[in-house]
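Novice: Sequence:
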Amino acid sequence: MSLAVSLPAAGLPAPSPRPGAGRSPAQCLADARSQERVGCIPEAVTLYEAAITGAESAGALPVLSEALRRLAVVRHKRDECAVARELCRRSHAVAAEAGHALLAAEALNTLGVMLLREGSLEEASTEFERARTLGGASRELRARIEQNLGIIANIHGNLDEALQRYLQSLNDYRAANDEHGCALAFHNLGMVSADKGLLDDAEWYFTQSQGIAERAGDVHLHGLCLLNHADVLAARQRFEEARRSAESALVVFDQLGAPGHKSAAYRVIGVVYRETGRLALAESRLRSAIELAVAAGTVLHEAEATRDLAVVYQAMGRNQEALTLLNAAHGLFGRLNARIDLVNVDGKVRDLEDTYLAVVREWGGSIESSDSYTFGHCSRVADNAVAVARALGLDDLAVTTIRLGAYLHDLGKVKVPHEILNKPGPLTRDEFEVVQMHPVWGIELLAEVEFPWDLKPIIRWHHEKYDGTGYPDQLVGDAIPVAAQVVGIVDVYDALTTTRSYRAAMSHPMAMQTIANMRSSWSSEVYSAFACALAVAPVAPVAPDAPAVQPPARRLSQSDAARVGSPE
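Heads up, the final residue of the sequence shown is numbered 571 in our numbering, and it's a clean run with no missing numbers.
One or more of the hints may lead you astray.
As the list claims (entries may be wrong) - In silico DSS-like cross-links for lysine-lysine, where the CA-CA straight-line distance does not exceed 30 Å:
#: 1; residue 1: 459; residue 2: 426
#: 2; residue 1: 418; residue 2: 459
#: 3; residue 1: 426; residue 2: 468
#: 4; residue 1: 418; residue 2: 468
Unchecked claim - Restraint ranges, calculated between C-beta atoms of paired labels, are given here:
#: 5; residue 1: 218; residue 2: 139; range: 39 to 47 Å
#: 6; residue 1: 290; residue 2: 139; range: 43 to 51 Å
#: 7; residue 1: 431; residue 2: 283; range: 45 to 53 Å
#: 8; residue 1: 132; residue 2: 321; range: 49 to 57 Å
The hints are simulated quantities; they were obtained by calculation from the structure and are not laboratory data.
Ideal placement from N, C-alpha and C gives every residue a C-beta, glycine not left out.
Hey, can you work out the whole structure from these sequences and the hints?
Specialist: Right under this line is the structure:
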């Protein structure tokens, strides 16, 4: 991932072909590097292996160390991680045996990059520090170590520190007259600029990196620039340019045999099709992205493509399938430790929760769409329930659970006949028994969906009462979860303060007094928090002709391992 190693600078003999048809180990090494840079990976692997075999026979330890390290880089790009790490460790051991500190440092730096890409940040930092101790006299190596430390800062969300380290790395590469090293620094400056929302800067840096990569013949870096520039272009809604760039990246990574990066390219193409309304094409490309990610074992790619496919299903109105995919994505993100392109996993999960909220909000809205009297009910219940939850001092997880549960609490009403829901007079006993089934029907509709949050108790038990007179299970006292009580009490408030087919809306003071008269239906803590949170009337109910809730804006997201480390 850098300019071809300068063999004399690394203390290796200048390559010279052996007489006849054969090549010396050093010549095999140089030819292998050339083949690698132009994307001829099988040929490169064969030549590296020939260099290793020849160097072992000749006792040429420096050549052997460098051939092992370079082969390790190629294997790691092809997701052969364990093999690559072992090759790196062998490279370090051979260099140490030869007394070649710089080659030993190079092997440690490369090993650190591999560990970094696999999410082992502390181990990676240790290897970078060992490399700095051994090879700190090399300006070019210092530039790469600085860049790698910038990546770690980026992963931890320290974007300003990352930006400064990348700029320092760029300065060191320039001082070392290493143009290809500059390309790596430009690429990472593009990545961190995109993370900071500086999209003009990001585009400029990717363009600089891509130009150098093309001149140097570095196909892998060229592909990364195309891929990540495509992500920036999509974020800027320049969708046709984004599609062309991602498809060019796809061609590159297909040539390189890099399924993880192919998955990322398909994801960007799928997002472009989704954002331009071509949902069937979006579904196809995102499914390809997921399949490739699974095959490559790249969990982040699988998680992000799964999340993006969920948004496609949301746009299609396939809300239950969307929630199932979001649950799968949540589980995948949960398996990730900080990875090379993650600012932090928590940030990814927060973005995912925004998507969850959009889906359940839209689904909740669709439940009410046939009933003008209850339009906006789920949104109001969700907002008021969050206010009560915060008054109770509940943590963020509980608040998120209550918000999402509130949007879905009346899901079962889709099975209640329209004429019962909108009946202008009192319900008969039989009709009321039908209405009382909606919590159970809601649970049945979600039977195949496993949420990361405990939403189902809210859906089933929001009509239970503390004294045991509620439904459907006549739970008593603290057997009713607090979250269900919170949604239940604000559900009653919203029912009282909105016009229904059978009565006019109550004023806020009258509704508060009515609930005070029935306060035994909830625990004293929940009632007190409700009275505090709604002491002042909330915002007036949304009118039936209010605009539909839009899905969250697309957020920029780069591919796994796309923030280039510097192993070379």
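Novice: Take the hints in turn and mark each one as holding or not.
Specialist: Going down the list of hints, with the structure as the test:
no.	hint	verdict
1	459 / 426	holds, 28 Å
2	418 / 459	holds, 17 Å
3	426 / 468	holds, 25 Å
4	418 / 468	holds, 23 Å
5	218 / 139: 39 to 47 Å	violated, 29 Å
6	290 / 139: 43 to 51 Å	holds, 48 Å
7	431 / 283: 45 to 53 Å	holds, 46 Å
8	132 / 321: 49 to 57 Å	holds, 50 Å
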